[in-house]
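Chain residues, written in single-letter form:
2 protein chains.
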Amino acid sequence: MIASSQKHWSGDVAELLRAGDDFVLADVDTRATPGYGEDKDQAAEDLAAGAAELDEYQERLFARSRVDATNAAVLLVLQAMDSAGKGGIIRHVVGSVDPQGVALTAFKKPTPEELEHDFLWRVERRLPEPGYIGVFDRSHYEDVLIGRVRSLAPPDEIERRYGAINEFEQRVADSGTRIVKVMLHISHGEQRDRLMERLERPDKHWKYNPGDVDERELWPKYMAAYQTVFERTSTDHAPWYVVPADRKWYARLAVQHLLLEALEDIDPQWPLATFDVEAEKKRLAAS
Amino acid sequence: MIASSQKHWSGDVAELLRAGDDFVLADVDTRATPGYGEDKDQAAEDLAAGAAELDEYQERLFARSRVDATNAAVLLVLQAMDSAGKGGIIRHVVGSVDPQGVALTAFKKPTPEELEHDFLWRVERRLPEPGYIGVFDRSHYEDVLIGRVRSLAPPDEIERRYGAINEFEQRVADSGTRIVKVMLHISHGEQRDRLMERLERPDKHWKYNPGDVDERELWPKYMAAYQTVFERTSTDHAPWYVVPADRKWYARLAVQHLLLEALEDIDPQWPLATFDVEAEKKRLAAS
Chain A
1 MIASSQKHWS GDVAELLRAG DDFVLADVDT RATPGYGEDK DQAAEDLAAG
51 AAELDEYQER LFARSRVDAT NAAVLLVLQA MDSAGKGGII RHVVGSVDPQ
101 GVALTAFKKP TPEELEHDFL WRVERRLPEP GYIGVFDRSH YEDVLIGRVR
151 SLAPPDEIER RYGAINEFEQ RVADSGTRIV KVMLHISHGE QRDRLMERLE
201 RPDKHWKYNP GDVDERELWP KYMAAYQTVF ERTSTDHAPW YVVPADRKWY
251 ARLAVQHLLL EALEDIDPQW PLATFDVEAE KKRLAAS
Chain B
1 MIASSQKHWS GDVAELLRAG DDFVLADVDT RATPGYGEDK DQAAEDLAAG
51 AAELDEYQER LFARSRVDAT NAAVLLVLQA MDSAGKGGII RHVVGSVDPQ
101 GVALTAFKKP TPEELEHDFL WRVERRLPEP GYIGVFDRSH YEDVLIGRVR
151 SLAPPDEIER RYGAINEFEQ RVADSGTRIV KVMLHISHGE QRDRLMERLE
201 RPDKHWKYNP GDVDERELWP KYMAAYQTVF ERTSTDHAPW YVVPADRKWY
251 ARLAVQHLLL EALEDIDPQW PLATFDVEAE KKRLAAS
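In order, the protein sequence lines correspond to chains A and B. Here my numbering is used: the first residue of the first sequence is 1, the next is one more, and so on. Here my numbering is used: the first residue of the second sequence is 1, the next is one more, and so on.
Nothing false has been slipped in among the hints.
Which copy is meant is left open, because identical chains are indistinguishable; a pair holds if it fits in one copy or across any two.
Calculated lysine-lysine pairs in the DSSO-like style (CA-CA distance at most 30 Å, straight line):
1) LYS108 with LYS281
2) LYS248 with LYS281
3) LYS282 with LYS109
4) LYS204 with LYS109
5) LYS207 with LYS282
6) LYS248 with LYS282
Keep in mind the hints are simulated off the structure, nothing from the lab. Being a predicted model, the structure only gives us computed values, none of them experimental.
Could you build the full structure based on these sequences and the hints that come with them?
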């Protein structure tokens, strides 16, 4: 087990959440809390404890990259339907570590310049440098999700992209970046409740877009597109994790757990001094 | 007064810290806590309360920029001698707001490409977009600090830069960005203590660089260069604040206070809905 903050988890959490062979998205209970038997209050405590551990791992990862010849980095890819909680993950999980070690990119509708290039061009440019935790708020997967649902590219181009993504991610993983792909999964009804809350609170109106309701009609098509994504791109070097997200506290704790596992696996150590510590103490004392 | 978290401050803090006419850096007591009479424990409480307020201001600023035609943004420029605490400000003050609304840039030694352009070229590219809090960890001021101390450019070029900076910052301010320039000021002795701590703790070795001791010999030259910076570039549209930083807790609280003042001055309001809220509720309920 990775650390004391993780003591309330049971089973192999990554395995429980992973979209493996025979995975069926429609079978996932979006209100479930796989591997975690405690309640919301305990989860808040565990999240705070995990934040401290994530913080130290991040600093070690960063420190090592400054001194040693290491390419280790982490890339968290977040995908979800609107209101599923990507922002909350960034704020409450990623936001708990030093911002100096995080490289966050929110991918929007491609610009004309980006559209002139292959769909992976803009993604490549935003990969985390060694020592960083990169976070993609949406990603190249939009190009096979909305791209497919709204026919933004011809079918054979969409088809080509799954293979291109796998090759791309293989190369990224081989270069030392641990890839953690997360889909936050809420139910159609939960999304309605969350969008309704945005309409009921004036301080949330800015997050609401009438187009969100139009997208809801395409829900089954999006689910089918996600199912295909999992079948085609959940690989050993870049697995997909489907995190039930109707309970925000569970989703945050689960993503934190997955990040901690990735960092534990890298296990970055404080780098050794590249100078003579005692000699430097003397020089400094005399300065 | 801006908010309840600020109740322990007295006097016009910005005015107390501002490098105005007749400002003399050598007269600043780096252990002082201007405007704040409480101790470290109270400061920790006040910092947490201020963080919640900063968080809401940031979200309002961001929300408004998404909906209204506003250019309002904030730019925090951080300059300091090594170990003065820039990293701590970013981690503990900036790090308390949603990372999705922060644009952080750490300026390093210029790359060959950057050196081919005017010194402000790389800075212009990293200005915060509307709605963001931009943070510069070092900045264009390096070009008149280390640039001057180590003669990295001819004297007439260094001289030209002060005016260029003022014109540049005037344009940035006119476009809607509130500029807050902070120099964290520690004493020569405090720096020795902090560097010594890095030598004594293996988990801090990575932060130590033997070149730091060489730079210490240039301390008087750096202080003279800073003094000139304040005389030439502390303007109404982009004032310099010199924050005594031997006490880290004070420096963090003071910078948070300056950010809160800047945001209070912008006073961003939640944007109004650009759609018919009641009609959307019906559409959503039926979806």
